[in-house]
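Asker: Protein chains in written order, with this note's numbering: chain A, 1 to 302; chain B, 303 to 616.
Please note that the accuracy of each hint is not assured.
Said to hold, decoys possible - The following residues of chain B were derived to be distant from chain A, with all beta-carbon distances above 10 Å:
1. GLY306
2. ARG340
3. PRO349
4. PRO549
5. LEU567
6. ALA568
7. ILE603
Unchecked claim - Covered, in the sense of this in silico footprint (three residues per stretch, anywhere, with C-beta under 8 Å from a C-beta of chain B), are these stretches of chain A:
8. 63 to 74
9. 165 to 174
10. 218 to 229
Source of the hints: derived by calculation from the structure; they are not laboratory data. Think of the CB as a built atom: it goes at the ideal place given N, C-alpha and C, for glycine as much as any other residue.
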Amino acid sequence: MAILLAPAGSPEALHAALEAGADAVYVGLKGWSRGGARGELDGDELARAVRRAAERGAELQVALNTIPKPRERAALLAEIPGLTALGIRTLIVNDVGVLATLRRRFPELSLTASIGCGAQTAADVAFFREIGANAIVLPGTVGPAEAAECAAVGGITVEIMLHMVEEFVLLGKCAMPSYVHLKPTAMPGGLPDVMRQTGSMKRGGVGACFRICQEPWELSSADGYRAAQLFPSRQLSRLGDVPGYLAAGVGVLKLQGRSLPPEQLKPLVARYRRAIDAARAGARPPAFPEPVLPPSWTVVGR
Amino acid sequence: MEPGAFELNTSVSNLRHLRASDLGPYDAVYLGNIYCRRYEGNPLERPTELREAIHLVREEGRRAYLTTYAAPRNDTLPVLRAALAVAAAEGAAAVEVHSLGLVKLVRDEFPELPIHVGNFANVYTDAGVEILKGFGVARITPASELPLDEVDAIARAGGIPLELVVHGKLPLGVSEFCILLDHERTWGVPCPELCQREVFLRKEAWGLKSVGKGILSGRDVCLLEHLPRLVAAGHRHFRVEAVSESPEYRRAVGATYREALARALAGDGWLEARSWETLAAHSRLGLANGFAFGRSGMDYIGTEAPSTTEWRAR
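Looking at chain B on its own, in the form it has when it is part of the complex (with noise of 0.2 Å):
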């Protein structure tokens, strides 16, 4: 990467949601949705948009990666080849596996395509790290729990550029059930549908987000005021994660991110009110800092954005 370069990445889960988005911000687009087999019009179970969704993305000068299953059986396997084949095609720039056993599947059969390494991989350590690298990983996204000192540590040792979570809800967990199909009935909103309303679970001063088999974060992992020190610790990769978000957040809140990052790398961390009211517009829950430091996921350390970290019911 050149000098005062890095990406700015996000994740779009089908084409309808692409069609919508103005990528303006960001260099790369994760395609897919890796939660569920029957989200609508899941590129991973369509060969035929997976391409034309790779299309649209490159065609607008962006690389188009393709994401993967969290929790892939047996039986998702063909349809991941299948998906694997067009991205490799279609000239994809990269593949994002969740789960290790398609790091070596990708390697093996479809070595043309760099593969990038996901948060629910569950790599922690420098030593994961270094095993991933004898399978030509390029690039790794840490578990979601690590601190930053930690994630500063593992880049140092590891030789692997690694992709931060710098906004955006945070994702936690994946499930084999869905726990909207439950109240399809009684909310009178049917599947596929269900996971594209915004869905909050709410316990006292706790929230999530649910998107039926997944788990996010319910505040907005917000690690803008941030941004300097992850430059300075040498990170240049970076995601947006909008999975289940607008296309509003997503154009609003990589604008947001790709001026600070400009900025960060010119060596000013200086950051507009209009940046915070952006973020605060576009978060249900407030702003949280994930694990980065230390923390549980929920609390926000800073000094730029106290008021956004107030619990809003709205």
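Here chain A stands alone, though its shape is the one from the complex (with noise of 0.2 Å):
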């Protein structure tokens, strides 16, 4: 059975997913998640909130979707053993030399291949099983027709992100920030010779993104046109295709956003939980008034 997946970046926020419905919430490793410092929880945290998800029957994920240089790795491997003493059981990834790493090292863990790992097909998928992923994350704008055909790849979860902010470059594919301006910092913790590549969206942290993407630019060509330039950037819903994922084979409906504060957070997946049970039951998707988040909402700080 498909469950909820909810993001939190602080232990207010993992209360607030968890009090929402969520089957399982995934959060963030200082240091080491993709979210950048302001949605990652130390390791007193994490053990709190191990506990605080078991009490309420949901599991606890944890993002390791930095890409680690190699001198780092050991690093980032010394982490694993803490982790699952607390019991954390699955790691969210997304390097493929991490993946298959952590596969040889910790045969016990369930890995999921991160979003940024940038697969779309159900020959992403295939690669993936291959090399040992127990699930992977494609982006909403892979549709239920479509998941569906990943679905049926089989032997590998197939997670959808069905709500996430869209940027004009697929995620996983993207190096504008860091050709612009790259900027190497020391890791929260103060790891030796460990440095957070601040403005790479695989290496340091979308947190610590420039995001170019939302600058106006201007666009000339050789001949002379000239125009003001916003690169796209959608809010991406998939609730009312819940009911097709769900008869698709998704195994996890995954909601982005490690940085929404616990007050947006709660309603958003609640909406979803909602949205579940209702496709669940048979019944017809629930209906709501209005948005339960802002249309400028971004989660760019994710």
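Please dock the two separately framed chains into a single complex, following the hints provided.
Answerer: See the structure below:
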């Protein structure tokens, strides 16, 4: 049966997500997640979060979705026994090398290939199954019909990020911010010789993205044409497609937004909870009179 | 590869550009446009034209490589299978993939085609190389963001040759939107001609190049004066990224690099002043090193070409 996987960037957000009916919640481990420092939990917070989720019968998943340099990898791997000791069983990763290394070293873990891995096709799903991923996250731009083709691969859980911001450049295919500005910064926790590549979408965390795609640009051509140019982006909400995704065999319905404050996260999760429950009961999708989040909502700081 | 040998390759988006290009400086050519299915005459969508393009390249004694879409969807896979079948039948020397799913698909369905993994596949570490080695991958272009010291370390540890973009507009992003389509009416230029025009995006000192669904660096990444370092590190496969450039750019820049690479491999790092003049003449916004030295992609580190790094609006 498909589950609802909600984000949380703080203990308060975790509480809100659980209250709203999330079956599982994902959080970032301080220093090692693409959410940036604002949306990560330290070790003590993580221990409390695991207990709190367990009390609600929910699973806590941990995102380790930056890509460490080879010499930083040992520091990342050193974190894993502590996580498993807390009862963490599912890690979300962003790099094939990290995924394969974790699979080899920690066969008991469930590993999810993050949306940042850039998978969009059934062929991608088959690849990640072969290298040992237990689950793969597809963007919400992949509709129910495509998701069904991906789920048909079998042997791996297909997750859909059905509430997300669709940026101009596809997730996992962007090096624009670091092209104009790259600022290596020390890792939270003061790990020696480990630098977070602030500005890199893959290694630095989107929380530190310089958001150049949200700047106004001037487009110009050699023949003299000039125009203002904004890169298109939109909030993608596939609420109406929940029944379709469930019928497609998608195993996890996931929401983006580790940067969301609890007061925004709670109604968002509740809305999807109601939609899933209605779909399971064969009822009509619930009607919502107004958007939970303002149109300007963005998860760039996710 | 024989001692002293190297490969310099380039990219060509369609048959028309291929016919207009002098392939003299190159050993191999990547055929196809990775960004858009509507690109004019994209051979990925046209088996007959792909067949002819492969023949043309091979008749000139060059290796023909097929490239593939940077961000395929399920409905693209049948099209790519057809292109791969043509490539295999016509003797293409390899296929470049930017999607990890295509690594598996090519290995399983077209095992006769060597696989080159492209920069959009996001190979960042030796551990990533190790996985792809298990799929029989023959060559990898590492992620654009990697500095050379990490590239070198991956090359030493991974056991698969790496291909490096030594010159041209560095690929920075792929989209499912075409930003140029919005300008079709006001500009008066129709698709698919839009993305063949030279279009830059500017904001203060920043510059990017748009090819509609793709974003490239505005400055030309240039590693000319660093070729001796690349050669000393053992790299032998180099690309002039020219997917959005003119045939004259492809010829002139290729010739400059061919000469410089031959010298570098002979232990002579000397560069003629005319080399810089050629590169400067073909650069619209100046030169940069990309991410080679751990700085942002627009910076230029070096001593030979400081004047060409200045922002020049032409």
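Asker: The structure should be examined with respect to each hint, and the outcome stated for every one.
Answerer: Hint check results:
Distance check on GLY306 (chain B): its Cβ is at least 30 Å (rounded) from any Cβ of chain A, clearing the 10 Å threshold; non-interface status holds. With a least beta-carbon separation of about 17 Å from chain A, ARG340 (chain B) lies farther than 10 Å from that chain, consistent with its non-interface assignment. The claim that PRO349 (chain B) lies off the interface holds: its Cβ sits roughly 20 Å from the closest Cβ of chain A, which is beyond the 10 Å cut-off. Residue-level check passed: PRO549 (chain B) sits 16 Å from the nearest beta carbon of chain A, beyond 10 Å.
No beta-carbon of chain A comes within 10 Å of the beta-carbon of LEU567 (chain B); the shortest separation is about 28 Å. Even its closest Cβ contact with chain A, about 32 Å, leaves ALA568 (chain B) beyond 10 Å, as expected for a residue assigned away from the interface. Consistency note on ILE603 (chain B): stated as away from chain A, and its beta-carbon is indeed over 10 Å from all of that chain's, at 13 Å minimum. Using a Cβ-Cβ cut-off of 8 Å, 5 residues of the region 63 to 74 of chain A lie near chain B, which meets the minimum of three, so the contact claim holds.
Judged by the Cβ-Cβ criterion of 8 Å, the region 165 to 174 of chain A is covered by chain B as claimed, because 6 of its residues qualify and three suffice. With a cut-off of 8 Å between beta carbons, the region 218 to 229 of chain A has 9 residues touching chain B; three or more are needed, and the interface restraint holds.
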